[in-house]
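Model the placement of chain A on the given structure of chain Y, informed by the hints.
2 protein chains.
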Amino acid sequence: MRSYQGWRKRMERKIVKEIKDRIEKANAISLISHERPDGDAIGSLIAMGLGIERIGKKVKLLSPDDVPEVYRFLKGTEKIEKLNQLWNERADICIFIDTANPSRLGNDINLKSLGKFIINIDHHIDNKRYGDINFVDPTASSTGELIYEILSQWENLITPEIADALYTAIVTDSGRFSYESTSYKTHLIAADLLSKGANKTIINKRIYEIKPFNVLKLIGEMLSRAQLAFGGKVIWSFITLESFEKHGVNLLDSEGFLQFLRMAEGIKLAILFREIERGKIRVSLRSTDKETKVREIATQFGGGGHEMAAGCTIEANLESAKELLFKSIEEKYGWKA
Amino acid sequence: MRSYQGWRKRMERKIVKEIKDRIEKANAISLISHERPDGDAIGSLIAMGLGIERIGKKVKLLSPDDVPEVYRFLKGTEKIEKLNQLWNERADICIFIDTANPSRLGNDINLKSLGKFIINIDHHIDNKRYGDINFVDPTASSTGELIYEILSQWENLITPEIADALYTAIVTDSGRFSYESTSYKTHLIAADLLSKGANKTIINKRIYEIKPFNVLKLIGEMLSRAQLAFGGKVIWSFITLESFEKHGVNLLDSEGFLQFLRMAEGIKLAILFREIERGKIRVSLRSTDKETKVREIATQFGGGGHEMAAGCTIEANLESAKELLFKSIEEKYGWKA
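Line order of the protein sequences matches chains Y and A.
When we follow this note's numbering, the leftmost residue of the first sequence carries the number 22, and every step to the right adds one.
When we follow this note's numbering, the leftmost residue of the second sequence carries the number 22, and every step to the right adds one.
Errors might be hidden in some of the hints.
It does not matter which identical chain is meant; a pair holds if it fits inside one copy or across any two.
In silico lysine-lysine, BS3-like type, Cα no more than 25 Å apart, as pairs [to be verified]:
#1 217 <-> 41
#2 81 <-> 103
#3 311 <-> 226
#4 343 <-> 289
Since the hints were made in silico from the structure, they are not lab data.
Isolated chain Y (complex conformation) (with noise of 0.2 Å):
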């Protein structure tokens, strides 16, 4: 069994003492997360912040975009800033946190405008290492991990809204424990936010478990139109216009419906299909294996993504939508349907 403590001691890493020191020398510091903020970005940003402001100095927290509906239950969200090309505050030290590169920030940011100093606490493996300090560890399930680590250099800083915080970042982004990054360290330090007050069961409510009834009305509705193709290699299923008038669900609120599709047995790729307007269909795809790419197939048709999450819209009625797209993963694939 490996130990706490020992653990503890591994922990103390010469950088992380490093951006303690400067943090203590700096009067004013500003923290500045990606745009299209996630669970991990805003986590991070809101218990670096209240950690920072706890010991006495002037803190900023910037984030280009607004944040998401559901995580505005955690204290601190109300202290975040829109960052846009009008800021023209310098600070001492920028912190840049979950940002693999200062481009995520959605604007044309001369970094050096933002702090004299840069400082880049991020987790993901393309990270561009910008900063004047670079903690960058692609073995931690989320930067939240890697923040937990430099306020635990502190007594005592970490207060039940900044354990909060810091819950909701890795949890966000480990997938609830669950994806390879989660490790024995994640859960070490899931065991000390829990004993310093962090409120799981809100949380995990709050982010997890919360549908309108009406939303959760429409996944059933999509749910049980799904059908297989192509030898159970695809799911599929569509919501009409009609669907979202009768259950007075918009087009935002079906975000994130493709996941339940992806939990189909066997499957290798999901396909959801909504009409935005007659005549005017959104698509999203989402691969279930690395080898099954996807943003081609969005691009084909306009669109675009990531690998194995990607979307695009085809004028065409569902039918035609269904068809034309079969077609191309018929053509992309060598799959029979």
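Frame of chain Y; chain A shown alone:
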């Protein structure tokens, strides 16, 4: 920060040592868990079974019901034999696992016909303490936590297969580390199980992300039939015998469907009615806050369970079962339909 070593020390309870002694002195040992087994029942049963086998004892694993398809990927499940009235082997020790009441074996079973000495290991608050030794700890997230504690008494006993089984028990009964009963200990144990080789990626995928297509369709049907009651405090749905047959899904494979109803925003209680056979309805209740206790309601109808998750079987048709249960809810909580 609570120390790992300190926790290991506190964990060494007298009763656990006593159980270890008893096991070491016995030759033939039977292990039994409850009917309609869930992840905690199956995971705890095979973890204990594989562990006892490793210390060179003859062991029988018994269950009144088949192992649900979803858990069959776990090594050791193939060792589980069917417990029925014809069973007539009497072991030196019979260990009851995750079984609050021997009646949960679903048969009129004479405890003493199963073993000369009965050990009762469980985390249900209403455990009947029917054993010669009762190791019952309602503060544990799962019986898996207690089995971990027992197996940890022997050096290097926990193999990757045992770690998989214990991780499964814990992750399922803690609701992926989200329920109230999840503690810092739960995460410390998970940390240790990962370092001993538990394959959390596979386990999470198999349990939470791989659903046979027909099961997914039935979930869809259940969700699209869902209704709110008691002014939005309750969400409920039902599955008829015809639906089960139409989709080729059995009762066991629909365990866990309630988690989808539970996602509804604002509810305090989710209820699923499942028609087991004509005139016999299985009722599953899951509350979303500590104030709404459901065990008492289930016991009114001869069932049982936890404060926040319980079930019972009502001999009636769907409509009458619903009426009876709703009446009991009205009386107990004072909610208006």
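Now for the hints, and whether the structure bears them out:
{"no.": "1", "hint": "217 <-> 41", "in the structure": "within (21 Å within a copy, 33 Å between copies)"}
{"no.": "2", "hint": "81 <-> 103", "in the structure": "within (10 Å within a copy, 63 Å between copies)"}
{"no.": "3", "hint": "311 <-> 226", "in the structure": "between (29 Å within a copy, 13 Å between copies)"}
{"no.": "4", "hint": "343 <-> 289", "in the structure": "within (17 Å within a copy, 40 Å between copies)"}
Checked against the numbered hints listed earlier, the structure breaks none of them; every hint is satisfied.
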